[in-house]
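For the protein sequence lines, the chains are B and E, in the order given. Numbering of the first sequence is given in our numbering, commencing with residue 1 and proceeding in unit increments. Numbering of the second sequence is given in our numbering, commencing with residue 1 and proceeding in unit increments.
Treat the hints with care, as some may be off.
[As the list claims (entries may be wrong)] List time: in silico EDC-like cross-link candidates among lysine to aspartate or glutamate, alpha-carbon distance up to 20 angstroms:
id: 1; chain 1: E; residue 1: 84; chain 2: B; residue 2: 299
id: 2; chain 1: E; residue 1: 160; chain 2: E; residue 2: 113
id: 3; chain 1: B; residue 1: 53; chain 2: E; residue 2: 50
id: 4; chain 1: E; residue 1: 180; chain 2: E; residue 2: 77
id: 5; chain 1: E; residue 1: 78; chain 2: B; residue 2: 299
id: 6; chain 1: E; residue 1: 78; chain 2: B; residue 2: 303
[Stated by the list, open to error] Okay, the calculated beta carbon distance ranges per label pair:
id: 7; chain 1: B; residue 1: 209; chain 2: E; residue 2: 387; range: 54 to 60 angstroms
id: 8; chain 1: B; residue 1: 53; chain 2: E; residue 2: 9; range: 41 to 47 angstroms
id: 9; chain 1: B; residue 1: 380; chain 2: E; residue 2: 122; range: 23 to 29 angstroms
id: 10; chain 1: B; residue 1: 292; chain 2: E; residue 2: 354; range: 49 to 55 angstroms
id: 11; chain 1: B; residue 1: 300; chain 2: E; residue 2: 110; range: 37 to 43 angstroms
[Said to hold, decoys possible] Partner residues are not named here, just some residues of chain B that face chain E (Cβ under 10 angstroms, in silico):
id: 12; residue: 49
id: 13; residue: 86
id: 14; residue: 277
Hints listed in this document are in silico derivations from the structure and should not be mistaken for laboratory results. Computed from a predicted model, the values in this text were never measured in an experiment. Glycine is no exception: its CB is placed at the ideal position from the N, C-alpha and C atoms.
Protein chains: 2
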Amino acid sequence: MSNSATFHLLKTCPDSKARAGELITPHGVVPTPVFLPVGSQGAVKTLTPEEVKNIGVAMVLANTYHLYLRPGIPAIEKVGGLHKFMGWHDAILTDSGGYQIFSLASLRQVGDDGVVFRSHIDGSQHLITPELIIQFQESLGADIIMVLDECSAHDDSFEKVQRALARTHNWAERCQRVQKRNDQALYAIVQGGVFPELRQQSAEFLTSLEFAGYAIGGLSIGEPKEVTLAVTEQTAALLPEDKPRYLMGVGSPEDIIGSVARGIDIFDSALPTRVARNGALFTRLGRINIQNATYSQMEQPIDPECNCYTCRTFSAVYLHHLFNCRELLGYRLATIHNLAFISNLMGKIRGAILDGTFNSFKDSFLLSYKPTNEQTRLSQKQKWLESRSLNQ
Amino acid sequence: MSNSATFHLLKTCPDSKARAGELITPHGVVPTPVFLPVGSQGAVKTLTPEEVKNIGVAMVLANTYHLYLRPGIPAIEKVGGLHKFMGWHDAILTDSGGYQIFSLASLRQVGDDGVVFRSHIDGSQHLITPELIIQFQESLGADIIMVLDECSAHDDSFEKVQRALARTHNWAERCQRVQKRNDQALYAIVQGGVFPELRQQSAEFLTSLEFAGYAIGGLSIGEPKEVTLAVTEQTAALLPEDKPRYLMGVGSPEDIIGSVARGIDIFDSALPTRVARNGALFTRLGRINIQNATYSQMEQPIDPECNCYTCRTFSAVYLHHLFNCRELLGYRLATIHNLAFISNLMGKIRGAILDGTFNSFKDSFLLSYKPTNEQTRLSQKQKWLESRSLNQ
Numbered sequence: 001m002s003n004s005a006t007f008h009l010l011k012t013c014p015d016s017k018a019r020a021g022e023l024i025t026p027h028g029v030v031p032t033p034v035f036l037p038v039g040s041q042g043a044v045k046t047l048t049p050e051e052v053k054n055i056g057v058a059m060v061l062a063n064t065y066h067l068y069l070r071p072g073i074p075a076i077e078k079v080g081g082l083h084k085f086m087g088w089h090d091a092i093l094t095d096s097g098g099y100q101i102f103s104l105a106s107l108r109q110v111g112d113d114g115v116v117f118r119s120h121i122d123g124s125q126h127l128i129t130p131e132l133i134i135q136f137q138e139s140l141g142a143d144i145i146m147v148l149d150e151c152s153a154h155d156d157s158f159e160k161v162q163r164a165l166a167r168t169h170n171w172a173e174r175c176q177r178v179q180k181r182n183d184q185a186l187y188a189i190v191q192g193g194v195f196p197e198l199r200q201q202s203a204e205f206l207t208s209l210e211f212a213g214y215a216i217g218g219l220s221i222g223e224p225k226e227v228t229l230a231v232t233e234q235t236a237a238l239l240p241e242d243k244p245r246y247l248m249g250v251g252s253p254e255d256i257i258g259s260v261a262r263g264i265d266i267f268d269s270a271l272p273t274r275v276a277r278n279g280a281l282f283t284r285l286g287r288i289n290i291q292n293a294t295y296s297q298m299e300q301p302i303d304p305e306c307n308c309y310t311c312r313t314f315s316a317v318y319l320h321h322l323f324n325c326r327e328l329l330g331y332r333l334a335t336i337h338n339l340a341f342i343s344n345l346m347g348k349i350r351g352a353i354l355d356g357t358f359n360s361f362k363d364s365f366l367l368s369y370k371p372t373n374e375q376t377r378l379s380q381k382q383k384w385l386e387s388r389s390l391n392q
Numbered sequence: 001m002s003n004s005a006t007f008h009l010l011k012t013c014p015d016s017k018a019r020a021g022e023l024i025t026p027h028g029v030v031p032t033p034v035f036l037p038v039g040s041q042g043a044v045k046t047l048t049p050e051e052v053k054n055i056g057v058a059m060v061l062a063n064t065y066h067l068y069l070r071p072g073i074p075a076i077e078k079v080g081g082l083h084k085f086m087g088w089h090d091a092i093l094t095d096s097g098g099y100q101i102f103s104l105a106s107l108r109q110v111g112d113d114g115v116v117f118r119s120h121i122d123g124s125q126h127l128i129t130p131e132l133i134i135q136f137q138e139s140l141g142a143d144i145i146m147v148l149d150e151c152s153a154h155d156d157s158f159e160k161v162q163r164a165l166a167r168t169h170n171w172a173e174r175c176q177r178v179q180k181r182n183d184q185a186l187y188a189i190v191q192g193g194v195f196p197e198l199r200q201q202s203a204e205f206l207t208s209l210e211f212a213g214y215a216i217g218g219l220s221i222g223e224p225k226e227v228t229l230a231v232t233e234q235t236a237a238l239l240p241e242d243k244p245r246y247l248m249g250v251g252s253p254e255d256i257i258g259s260v261a262r263g264i265d266i267f268d269s270a271l272p273t274r275v276a277r278n279g280a281l282f283t284r285l286g287r288i289n290i291q292n293a294t295y296s297q298m299e300q301p302i303d304p305e306c307n308c309y310t311c312r313t314f315s316a317v318y319l320h321h322l323f324n325c326r327e328l329l330g331y332r333l334a335t336i337h338n339l340a341f342i343s344n345l346m347g348k349i350r351g352a353i354l355d356g357t358f359n360s361f362k363d364s365f366l367l368s369y370k371p372t373n374e375q376t377r378l379s380q381k382q383k384w385l386e387s388r389s390l391n392q
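Please model the entire structure based on the sequences and the hints provided.
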């Protein structure tokens with residue numbers, strides 16, 4: 001696997017587990033810690049690849065489950081792979097779609113061979129196996145690809161999670177065995193729910209197989225934040241120093257910074273782009289909602305210190321007006337701002353790790369940044385999870 | 001009015017009434033014939049001002065009625081006017097909103113003073129007068145502004161149109177009388193429905209008042225295409241040579257080229273951007289719909305000869321996929337393509353007029369370009385007119 005994405009660890013924070021490094025991929029160098037905007041269906045919602053790149057993004061995520069259903073893997077292969085299809089010539093990570101199969105699709109039947117499910121779009125029936133998911137990802141041609149895993153719900157019992165874990169481990173081995181291309185880095189996904197014993201088993205088993213990188217899956221799916229952080233901390237500590245660590249589905253500023261402190265290198269989440277389309281914009285003091293009447297009078301940009309296209313070009317009152325009129329440009333401008341905020345945050349985090357000032361940067365950031373109220377967050381998350389199978 | 005937009009007629013086609021010229025405005029020179037993309041609410045739907053400019057657009061249209069209701073004229077004045085508000089630093093024309101008041105708003109009461117109506121957004125009651133509409137447009141600060149007119153329906157009787165015309169003429173005089181700023185060009189709007197006698201009266205009366213430019217209003221509102229062209233031809237011939245002529249609401253390629261041949265210099269229409277969001281894309285052979293199954297396999301761009309961002313960057317299958325997923329990026333890419341198509345068409349028309357080859361350009365364009373079937377067009381237009389008060 002000499003041509004596939006490799007990881008260089010450049011510096012570890014002396015006061016925390018935070019690490020700065022870089023991923024060398026066939027489509028460019030990706031500085032870590034890094035956040036990947038989500039382009040499940042082959043587009044970061046509302047944005048062109050040019051805009052995503054101008055924001056400073058070095059890698060995006062796409063989803064094998066979504067692309068398999070629409071437009072289908074052969075259609076993408078025919079135009080020369082996912083990079084060409086999307087018009088994105090930097091690094092791409094494809095998620096296997098395990099999480100989507102277990103959260104979006106209906107009538108699932110999981111067997112040892114694989115999973116039979118019905119499409120959330122048209123109800124058509126499909127069988128996905130570990131072997132197929134690797135074949136699909138090899139056709140798509142992303143720089144980093146993921147094993148197929150069985151995802152538990154955050155409130156599943158120990159026994160249920162344990163059974164899913166055995167299957168996840170078997171599938172990971174099978175994925176590794178059938179990989180043919182040597183220019184794609186295959187990452188394993190550590191599961192085990194909220195059970196430290198199972199997380200430990202999973203980390204030990206998967207690291208023994210020597211994957212190119214390790215993801216932590218099954219978090220940020222409805223459990224309280226302190227649980228997310230505790231499981232992240234425990235699991236990250238069990239993973240090898242010299243391999244990248246990817247925390248799946250985490251994307252709020254406070255969670256990113258907290259997880260970097262626990263040793264995470266890679267993040268992805270639809271949160272920054274999804275909340276943008278609802279008018280929620282990141283500022284260094286916390287999230288604001290552009291639809292609030294306050295902004296109907298504000299001549300300044302949302303964040304006068306922000307250097308994104310939106311803040312450089314438009315007043316808050318203009319953005320407020322666009323949301324008020326449900327004008328699509330508003331969703332774009334908000335998306336640009338939120339991705340720029342997260343991208344800038346990642347740059348500052350990395351700079352602070354390299355400078356040896358990460359801990360004080362983290363403390364000062366968290367002192368001014370007011371996270372969304374935990375109760376509100378959980379109920380929003382629940383609502384979103386429930387609406388997903390209807391509304392993606 | 002020495003600082004306001006002036007018009008230089010550069011060349012008239014020897015074989016038709018087609019003219020090439022330029023509008024000199026406080027925000028740049030606008031080559032004519034010109035098509036103005038519609039940004040009723042202060043944004044060309046889905047696009048940033050940067051993108052609109054990169055397409056080659058020199059002037060956009062915004063709508064006083066829409067902006068008066070949302071965000072309100074004072075909000076725009078407060079940030080320094082419409083150019084600043086929109087982030088568009090080239091020329092702007094504001095329509096008075098006469099047509100919108102008469103087609104979107106409900107419970108209208110027209111009196112000699114002005115018109116009382118209820119907002120199509122929240123039902124609130126408003127009075128608009130000719131004096132107010134000029135005051136609003138002076139606050140907005142567009143380069144070209146329009147008088148308030150009373151718009152008839154395409155099937156109104158002679159007597160009804162005649163009464164509306166008397167009011168329109170009175171309002172035009174009042175608009176002219178109260179204009180204070182000398183850096184905005186005020187255009188009159190010739191009305192008179194489909195009645196040659198009334199069109200003639202209107203043209204004669206309004207040209208006697210010496211406006212900076214003349215629009216032809218009350219067309220392309222549901223009447224057959226040959227009527228639109230006949231009234232355009234008759235009316236344009238009654239207008240002074242040295243003033244710009246603006247045909248309101250016309251925007252299909254075949255109508256633009258046919259109307260240029262009849263002496264029109266300025267066009268605006270939401271058609272190219274509206275149909276783009278429904279997946280209808282202009283090509284030199286006619287409109288295609290990207291949602292058709294044909295495009296699910298097409299690796300080439302929509303139009304391999306087109307140099308727009310969409311065609312330079314993406315395959316037809318990608319665009320098809322985005323529409324299939326209702327991904328907002330698809331609406332943007334289609335909008336970019338259609339505006340680029342029209343903008344390129346205007347450039348070719350102008351080049352041909354200056355070269356003395358307009359008639360042969362027109363014939364060869366119309367020979368290959370297959371317009372939308374007239375029956376389909378009329379029924380689509382009707383559906384759209386009916387849905388507007390709900391759906392803008």
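(message) Under the constraints set out in the numbered hints, which ones does this structure not fulfil?
(response) Hints that this structure does not satisfy do not exist here, as all of them hold.
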